[in-house]
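Participant: Here is how the chains run, residue by residue.
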Amino acid sequence: MASGSVLVIGEPAEGAVAPVTLEVLGVARPLAQQLGVPVAVAVLGQDIEGQAAELIARGADRVYLLADPRLAPYQADAWVPVLAELVRDTGAPIVLLSHTQTGREFGPRLAFRLGTGIITDCADFQLDARGRLRAIKPVYGGNAVAEYTLAGDGVQVASLRPKLHDPAPAVPDHQGEVVRPPVRLDDRQIRTRAGQRVRSALAGPDLENAQRVVAGGRGVGGPENWRLLEELAEAIGAAVGASRAAVDAGWVPGPLQIGLTGAKISPQLYIAVGISGAVQHMAGCQGARTVVAINRDPEANIFKHAHIGVVGNAKEVLPALTRKCRELTGR
Amino acid sequence: MNIVVCIKQVPDPDIPPAEFKVDEAAKQVVPPPGVAPVISTFDLHAVEAALQLKEQHGGRVTVLSLGGDSVRDALKRALAMGCDAAVHLQDPAFEGGDSYATAVALAAAIRKLGAWDLVLTGRQASDWDSGQVPMALAELLDVPGATPVQKIEVRDGGLVVERVTEDGYQPLEMPLPAVLGISNEINQPRYPTLKGIMAAGRVPIPVWGVADLGLTPEQVGVRGSRLVLERLYVPVRESRCEFIEAETGAEAGEKLALRLREARLI
Ligand SMILES: Cc1cc2nc3c(=O)[nH]c(=O)nc-3n(C[C@H](O)[C@H](O)[C@H](O)COP(=O)(O)OP(=O)(O)OC[C@H]3O[C@@H](n4cnc5c(N)ncnc54)[C@H](O)[C@@H]3O)c2cc1C
Ligand SMILES: Nc1ncnc2c1ncn2[C@@H]1O[C@H](COP(=O)(O)O)[C@@H](O)[C@H]1O
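Residue numbers (my numbering), protein chains in the order written: chain X, 1199 to 1529; chain A, 7 to 272.
Please note that the accuracy of each hint is not assured.
Okay, the calculated beta carbon distance ranges per label pair [claimed, not checked]:
{"id": "1", "chain 1": "X", "residue 1": "D1326", "chain 2": "A", "residue 2": "G220", "range": "35 to 43 Å"}
{"id": "2", "chain 1": "X", "residue 1": "G1248", "chain 2": "A", "residue 2": "D18", "range": "44 to 52 Å"}
{"id": "3", "chain 1": "X", "residue 1": "G1448", "chain 2": "A", "residue 2": "C247", "range": "27 to 35 Å"}
Selected chain A positions facing chain X (Cβ under 8 Å, derived; list incomplete) [what the hints assert, rightly or not]:
{"id": "4", "residue": "F26"}
{"id": "5", "residue": "V35"}
{"id": "6", "residue": "M141"}
{"id": "7", "residue": "L238"}
{"id": "8", "residue": "P241"}
{"id": "9", "residue": "A256"}
Among chain A residues calculated to face chain X with C-beta under 10 Å, some are [claimed, not checked]:
{"id": "10", "residue": "Q130"}
{"id": "11", "residue": "A142"}
{"id": "12", "residue": "V170"}
{"id": "13", "residue": "T254"}
{"id": "14", "residue": "E260"}
{"id": "15", "residue": "L266"}
{"id": "16", "residue": "R267"}
Hints listed in this document are in silico derivations from the structure and should not be mistaken for laboratory results. None of these values were measured; they are calculated from a predicted model. Ideal Cβ positions, reconstructed from N, Cα and C, are used throughout, including at glycine.
With the sequences and hints as input, model every part of the structure.
Facilitator: In structure tokens:
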């Protein structure tokens, strides 16, 4: 096998390429270019053949297809040994993945299996004078920013926070190679048994890809007021999200949570209602183009992030806002 | 079932951003004076999960924390919540360690504790937001694991867990022993009772250092770390909020709708 690519590990996805994988490819390309090495993507799963063409069209020089029924649905016990072997065999200097809920699991395990370290949940990457990775990572919920390198001179692993970077743009006429390495997996290594992913019935259609998002926090006051948000969302064609306080209070299910440990969103319009704007919440909507805040407290931190603000009681503002929006949008 | 819970003491994450300060030269956070450190949020959920498992299936819960003198308060609180035993990992050699170096010490302590079935940690600590210790422990102890976990069920001597995904969860079966990183969806942590607090005061908390764990100083702390912190700073954030002026909430709502239309956002 050829050596030395910047290696992107694809988010588990059957069928089409996961959008977050394209975001990682987008940041990997300039790094590979600066290092003067190819960029490769590893795809693991069962029904993955179709992903190669799209990845190559988006600038991948090589796509490793590792197809095996034991690799789908995803489970770390099967993925990590296969990935570790691929990284060792190909001599990748840098391995990048998306910091999704799933990447949080296999990323660190892979790094430690390889005897190296991982910088998790990075906002961006640079290369230092030696060509080593320098990662920029929000810490303390977003209150501070840390810049890290990895000790030693071995392979470097890092994960990228979703929804901060655009997907890799198409490269006209780009040519790439598809490689199908043998999947060598000893069944005794697989101690776990993974089931199919279960979609939470109440999860918004696709919060993470919505162009408009309306979210509520503790200031919404209770589950009985939640319909005020849903009506606004309907009037403007938005997905509904929430702060962790609203999730912890049991008003809405977990997948609606936006923030550091929840959904990452990058809509054109984000309307935050009764949300104080804690850094850990804002970490989920850094990619939002326009942030609108409705909050009773003029000193609330959310107004430091918002472009348009209304100081007022959500219960009074929302019905009028929804009525007028309906009038304007005709919904 | 013998459960070990790892808890980290961190600066209170709820302090207003304006009070958050770093010493850029020392590459350290300067905690605001008078604000006591707390147990990292997800670790409280891990303690609660362990206590519920013990209530359902019997066994013992031992809590471990690596850190300075103040960590004893965190361990006391976990004991007051109902944990049976606590061990404090303290040694100058541990200082400045990243998640991996910390996990090396924790794994050695878990081995020293002897028979254990399950290790629980938080999904990520609320200081460095790293989220590496649970999987580092799984690797070091060579057992299956999962993170972030929102449900644990004991079935046929093994576990069935739900691993959080973006749009729901993935079920996963695994044998014991295992390591799990716990997410807040799993439960509501209990508060210590007065009786619990009194009882906790009487539990001795042994202190284990590098030598007690059979480790060398090179394996832990800054020297055992795989991450090198090159720089630490507070990002500048300029606020540019345009406020909608109105006499009433209803008027503000209408004006906001018009403003959004004008900006072609709706
Ligand atoms: C490690 C870690 C990870 C975290 N991850 C996340 C995460 O992923 N997502 C997340 O959201 N949080 C997260 N948090 C929690 C976060 O720090 C905050 O506690 C949380 O976001 C607060 O939610 P809130 O704004 O709804 O509630 P609060 O902070 O209580 O704010 C409620 C707001 O509503 C306003 N209000 C009250 N009544 C009204 C009214 N009638 N009309 C209008 N406004 C009103 C108040 O002025 C206040 O600003 C995390 C915390 C930690 C430590
Ligand atoms: N110093 C420590 N002592 C005990 N447990 C820790 C320590 N550091 C991290 N942990 C555990 O590991 C989890 C994840 O930490 P981290 O990987 O550093 O984000 C925390 O939520 C704790 O449960």
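Participant: For the pair D1326 of chain X and G220 of chain A, does the Cβ-Cβ distance stay inside 35 to 43 Å?
Facilitator: 36 Å, holds
Participant: Can Q130 of chain A be said to touch chain X, with a Cβ gap under 10 Å?
Facilitator: Constraint on Q130 of chain A satisfied, holds at 7 Å.
Participant: Can we keep the M141 of chain A interface hint, with Cβ of chain X closer than 8 Å?
Facilitator: Because about 4 Å separates M141 of chain A from the closest Cβ in chain X, which is inside the 8 Å limit, the hint holds.
Participant: Does the CB of L266 of chain A sit less than 10 Å away from some CB of chain X?
Facilitator: 7 Å, holds
Participant: Tell me if the interface restraint on V35 of chain A is satisfied: Cβ within less than 8 Å of some Cβ in chain X.
Facilitator: Since the shortest Cβ distance to chain X is 6 Å, the answer is holds.
Participant: Using 8 Å as the Cβ threshold, decide whether F26 of chain A counts as touching chain X.
Facilitator: 4 Å, holds
Participant: Has the hinted range 27 to 35 Å been met by the Cβ atoms of G1448 of chain X and C247 of chain A?
Facilitator: Because 31 Å falls inside the window, the suggested range holds.
Participant: Taking the least C-beta to C-beta distance, is A142 of chain A closer than 10 Å to chain X?
Facilitator: 5 Å, holds
Participant: With chain X as the partner, please determine if T254 of chain A meets the hint condition of a C-beta pair closer than 10 Å.
Facilitator: The hint holds - T254 of chain A has a Cβ within 10 Å of chain X, the shortest such distance being about 7 Å.
Participant: May I ask you to test the hint 44 to 52 Å on the CB atoms belonging to G1248 of chain X and D18 of chain A?
Facilitator: Holds, at about 49 Å.
Participant: Does the closest beta carbon of chain X sit nearer than 8 Å to the beta carbon of P241 of chain A?
Facilitator: Holds: closest Cβ of chain X sits about 5 Å from P241 of chain A, inside 8 Å.
Participant: Take the shortest C-beta to C-beta distance between E260 of chain A and chain X; is it under 10 Å?
Facilitator: 5 Å, holds
The structure meets every hint from the earlier list without exception.
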